[in-house]
Amino acid sequence: MTEPAVAAVLAQLDDPGEKLTLAVGREKVPVTSLDKALWPARGRTPAYTKRDLLRYLAGASPALLRHLADRPVFVTRWPDGITGQSFYQKVWDKAPNFVR
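The sequence shown begins at 10 in this note's numbering and counts up one residue at a time.
Don't read these hints as lab results, they were simulated from the structure. Check before you lean on any hint, since a few could be wrong.
Computed cross-link-like contacts, BS3-like style, restricted to lysine-lysine with a CA-CA straight-line distance of at most 30 Å [as the list claims (entries may be wrong)]:
hint, residue 1, residue 2
1, Lys99, Lys45
2, Lys103, Lys59
3, Lys59, Lys99
4, Lys28, Lys99
5, Lys59, Lys37
6, Lys45, Lys28
7, Lys103, Lys45
8, Lys28, Lys59
9, Lys103, Lys37
10, Lys28, Lys103
11, Lys37, Lys99
12, Lys45, Lys59
Simulated DEER-style distance windows between Cβ atoms [what the hints assert, rightly or not]:
hint, residue 1, residue 2, range
13, Asp23, Pro81, 31 to 39 Å
14, Ser95, Leu73, 17 to 25 Å
15, Glu36, Gln98, 18 to 26 Å
16, Ser95, Thr41, 14 to 22 Å
Quantities reported herein were computed from a predicted structural model and do not represent experimental measurements. Heads up, the beta-carbon is just placed ideally off N, CA and C, and yes, glycines get one too.
All chains, full assembly: derive it from the sequences and hints.
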């Protein structure tokens with residue numbers, strides 16, 4: 010992602026809503042539960058939310074995407090945060106167009 014594209018995604022994530030559809034280049038990516046804590050607070054460190062993770066990934070995307078292109082994709086999911094059960098999602102019923 011180019012720096013202007015990263016800035017555009019970060020600006021969209023400033024929307025205080027719990028869900029939104031991110032415009033990433035030509036793609037529309039629906040995201041929900043943006044304020045859900047994925048990593049709980051510890052001591053003086055606040056909880057990290059899905060919104061925080063997306064901000065981090067958007068900022069790191071110029072470097073990350075070069076290394077992830079054309080590689081197999083699977084996702085480890087923790088529906089209830091890192092303290093809950095996890096599972097690997099290797100097959101998607103309906104993958105978005107930008108996922109090959």
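Checked hints:
Distance hint between Lys99 and Lys45 is fulfilled; the C-alpha atoms sit about 23 Å from each other, no more than 30 Å. Proposed proximity of Lys103 and Lys59 is supported: the alpha carbons are some 22 Å apart, at most 30 Å. A threshold of 30 Å between alpha carbons decides the hint, and for Lys59 with Lys99 the separation of about 21 Å falls inside it, so the pair holds. Note on Lys28 and Lys99: the hinted pairing holds, with a Cα-Cα distance of about 24 Å set against a maximum of 30 Å.
Proximity of Lys59 to Lys37 is assessed by CA-CA distance (about 18 Å); at most 30 Å being required, the pair is judged to hold. A C-alpha spacing of about 11 Å is found between Lys45 and Lys28, which places the hinted pair at or below 30 Å, so the restraint holds. Between Lys103 and Lys45, the direct Cα distance comes to roughly 24 Å. Compliance with the 30 Å bound is thereby established for this hinted pair. This hinted pair checks out: Lys28 and Lys59 have alpha carbons roughly 11 Å apart, not beyond 30 Å.
Taken as a hint, the Lys103 and Lys37 pair is honoured in the structure, with Cα atoms around 15 Å apart against an allowance of 30 Å. As the CA atoms of Lys28 and Lys103 are separated by approximately 20 Å, the hinted pair is consistent with the 30 Å bound. For the given pair, Lys37 sits about 22 Å from Lys99 by alpha-carbon distance, which is consistent with the 30 Å threshold. For the proposed pair Lys45 and Lys59, the alpha carbon gap of about 6 Å is at most 30 Å, so the pair holds.
The given range of 31 to 39 Å is respected by Asp23 and Pro81, whose C-beta atoms sit roughly 33 Å from each other. Between Ser95 and Leu73 the beta carbon distance is about 22 Å. The supplied range of 17 to 25 Å therefore holds. Between Glu36 and Gln98 the beta carbons are some 19 Å apart, a value that agrees with the proposed interval 18 to 26 Å. Between Ser95 and Thr41 the CB atoms are about 19 Å apart, so this pair conforms to the stated range of 14 to 22 Å.
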